[in-house]
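Keeping their order, the protein sequence lines are chains A and B.
The C-terminal position of the first sequence is numbered 111 in the working numbering, with every residue numbered one higher than the one before it.
The C-terminal position of the second sequence is numbered 445 in the working numbering, with every residue numbered one higher than the one before it.
In case anyone wonders, no lab produced these hints; they're calculated from the structure.
On a predicted model such as this, the values are computed, not experimentally measured, just so you know.
Even for Gly, the Cβ is constructed at its ideal location relative to N, Cα and C.
There may be inaccurate statements among the hints.
[As the list claims (entries may be wrong)] Each computed DSBU-like pair below joins lysine-lysine, with the alpha-carbon atoms no more than 30 Å apart:
1. Lys409(B) <-> Lys43(A)
2. Lys2(A) <-> Lys69(A)
3. Lys98(A) <-> Lys397(B)
4. Lys370(B) <-> Lys98(A)
5. Lys404(B) <-> Lys337(B)
6. Lys43(A) <-> Lys337(B)
7. Lys404(B) <-> Lys98(A)
8. Lys397(B) <-> Lys69(A)
9. Lys341(B) <-> Lys43(A)
10. Lys98(A) <-> Lys69(A)
11. Lys337(B) <-> Lys98(A)
12. Lys341(B) <-> Lys69(A)
13. Lys370(B) <-> Lys69(A)
14. Lys397(B) <-> Lys43(A)
15. Lys2(A) <-> Lys388(B)
16. Lys409(B) <-> Lys2(A)
17. Lys98(A) <-> Lys388(B)
18. Lys370(B) <-> Lys397(B)
19. Lys404(B) <-> Lys2(A)
20. Lys98(A) <-> Lys409(B)
21. Lys69(A) <-> Lys337(B)
22. Lys43(A) <-> Lys388(B)
[Claimed, not checked] Between beta-carbon pairs, the in silico distance windows are:
23. Ser333(B) <-> Thr6(A): 40 to 50 Å
24. Arg390(B) <-> Ser47(A): 46 to 56 Å
25. Arg342(B) <-> Asp68(A): 40 to 50 Å
26. Ser71(A) <-> Arg342(B): 46 to 56 Å
27. Gln343(B) <-> Gly95(A): 29 to 39 Å
28. Lys43(A) <-> Glu411(B): 16 to 26 Å
29. Ser353(B) <-> Ser70(A): 34 to 44 Å
30. Glu16(A) <-> Pro407(B): 28 to 38 Å
31. Pro15(A) <-> Lys404(B): 40 to 50 Å
32. Gly354(B) <-> Thr46(A): 14 to 24 Å
[What the hints assert, rightly or not] Derived list of chain B stretches under chain A, where covered just means 3 residues or more per stretch with a C-beta under 8 Å from a C-beta of chain A:
33. 374–383
34. 435–442
The lines below spell out each chain.
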Amino acid sequence: KQEVTQIPAALSVPEGENLVLNCSFTDSAIYNLQWFRQDPGKGLTSLLLIQSSQREQTSGRLNASLDKSSGRSTLYIAASQPGDSATYLCAVRGNEKLTFGTGTRLTIIP
Amino acid sequence: EAGVAQSPRYKIIEKRQSVAFWCNPISGHATLYWYQQILGQGPKLLIQFQNNGVVDDSQLPKDRFSAERLKGVDSTLKIQPAKLEDSAVYLCASSLDPGLAGRGTDTQYFGPGTRLTVL
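Could you build all of it, start to finish, from the sequences and the hints given here?
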């Protein structure tokens, strides 16, 4: 059974700093890994999707990496802004479904 | 392009009552998912439909939860009777047919969710 862990559970950083969120998973037989953003009271927004054959994906200030053999992914956010405050969830796609981590609640301090 | 629509946005009921949620996926998306997200946890898949058929309902508490997707478009999720532990956000998501998009590239698009409180 796939298990996804995200550390830390919560993180507060001053505006402008670069930061890294971590995700680990137990079963490396995955099709892809996705990072989502969730704002309070709202649904999930897909940020980045990394296919199992890829090592990283970039979108603007976001960069996600995938090391399938070690079961790890990181989400790097450059030059953080208050608008980045949200909960970030990673999810791995197995044979039929997504398995989510519990998320990292990020607060950017102005 | 319109996103995934869900209603109601909020619902408060007493335990042992019944409740139903509605979802309208993105037009053309063959696959529809219902997730349960308990406070402080990640979403957990309850049921996945491919067109009209159920692909995975292994984590659906079938003694009280039911779901249907008539005509392969809209879907409803019902809880009868509700328990206190059913308090959660119920998220609906949709995606293209993985056979077309490829399992490596298919992205799920989520609706805003329905927040259920059972008293």
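Do the hints match the structure? See the list:
Taken as a hint, the Lys409(B) and Lys43(A) pair is honoured in the structure, with Cα atoms around 24 Å apart against an allowance of 30 Å. Restraint check for Lys2(A) and Lys69(A): the C-alpha separation of about 16 Å stays at or below 30 Å, so the hint holds. Proposed proximity of Lys98(A) and Lys397(B) is supported: the alpha carbons are some 23 Å apart, at most 30 Å. Under the criterion of a C-alpha separation no larger than 30 Å, the hint pairing Lys370(B) with Lys98(A) is consistent with the structure, at around 10 Å.
Proposed proximity of Lys404(B) and Lys337(B) is supported: the alpha carbons are some 13 Å apart, at most 30 Å. For the hint linking Lys43(A) to Lys337(B), the alpha-carbon distance of about 15 Å falls within 30 Å, and the restraint holds. Distance hint between Lys404(B) and Lys98(A) is fulfilled; the C-alpha atoms sit about 21 Å from each other, no more than 30 Å. Straight-line distance between C-alpha atoms of Lys397(B) and Lys69(A) comes to about 39 Å, which puts the hinted pair past the 30 Å bound.
For the hint linking Lys341(B) to Lys43(A), the alpha-carbon distance of about 25 Å falls within 30 Å, and the restraint holds. About 17 Å separates the Cα atoms of Lys98(A) and Lys69(A), which keeps this hinted pair within 30 Å; it holds. Pair hint Lys337(B) plus Lys98(A) holds up; C-alpha atoms about 27 Å apart against a cutoff of 30 Å. Annotation: proposed proximity of Lys341(B) to Lys69(A) is violated, straight-line Cα distance about 44 Å (limit 30 Å).
The suggested pairing of Lys370(B) with Lys69(A) holds, with an alpha-carbon distance near 22 Å, which does not exceed 30 Å. About 28 Å separates the Cα atoms of Lys397(B) and Lys43(A), which keeps this hinted pair within 30 Å; it holds. Taken as a hint, the Lys2(A) and Lys388(B) pair is honoured in the structure, with Cα atoms around 21 Å apart against an allowance of 30 Å. Between Lys409(B) and Lys2(A) the CA atoms are separated by roughly 27 Å; this keeps the pair inside 30 Å, and the hint holds.
Between the alpha carbons of Lys98(A) and Lys388(B) the distance comes to roughly 19 Å, so the proposed pair stays at or under 30 Å and holds. With a CA separation close to 25 Å, the supplied pair Lys370(B) and Lys397(B) stays within the 30 Å bound. At roughly 27 Å between alpha-carbon atoms, Lys404(B) and Lys2(A) fall within 30 Å of each other, so this suggested pair holds. Distance check on the hinted pair: Lys98(A) and Lys409(B) sit about 26 Å apart at the alpha-carbon level, within 30 Å; holds.
Restraint check for Lys69(A) and Lys337(B): the C-alpha separation of about 41 Å exceeds 30 Å, so the hint is violated. Proximity of Lys43(A) to Lys388(B) is assessed by CA-CA distance (about 27 Å); at most 30 Å being required, the pair is judged to hold. At roughly 34 Å, the beta-carbon separation of Ser333(B) and Thr6(A) lies outside the given 40 to 50 Å, and the hint is violated. Roughly 31 Å separates the CB atoms of Arg390(B) and Ser47(A), a value that falls outside the hinted 46 to 56 Å.
Distance hint check for Arg342(B) and Asp68(A): the Cβ-Cβ separation is about 48 Å, which falls inside the suggested range of 40 to 50 Å. A hinted range of 46 to 56 Å holds for the C-beta pair Ser71(A) and Arg342(B), which are about 48 Å apart. The hinted range of 29 to 39 Å is satisfied by Gln343(B) and Gly95(A), whose Cβ atoms lie roughly 35 Å apart. The supplied range of 16 to 26 Å is met by Lys43(A) and Glu411(B), whose beta-carbon atoms lie about 23 Å from each other.
In this structure, Ser353(B) and Ser70(A) meet the distance hint of 34 to 44 Å, their C-beta atoms being roughly 39 Å apart. With their beta carbons about 48 Å apart, Glu16(A) and Pro407(B) fall outside the hinted range of 28 to 38 Å. A hinted range of 40 to 50 Å for the beta carbons of Pro15(A) and Lys404(B) is consistent with their spacing of about 47 Å. At about 20 Å, the beta-carbon gap between Gly354(B) and Thr46(A) stays in the expected band of 14 to 24 Å.
Counting residues of the segment 374–383 of chain B whose beta-carbon sits less than 8 Å from any beta-carbon of chain A gives 3, enough to reach three: the coverage restraint holds. For the segment 435–442 of chain B, the proposed coverage by chain A is satisfied: 6 residues have a C-beta within less than 8 Å of a C-beta in that chain, meeting the threshold of three.
Checked against the numbered hints given earlier, the structure breaks hints 8, 12, 21, 23, 24, 30 and satisfies all the rest.
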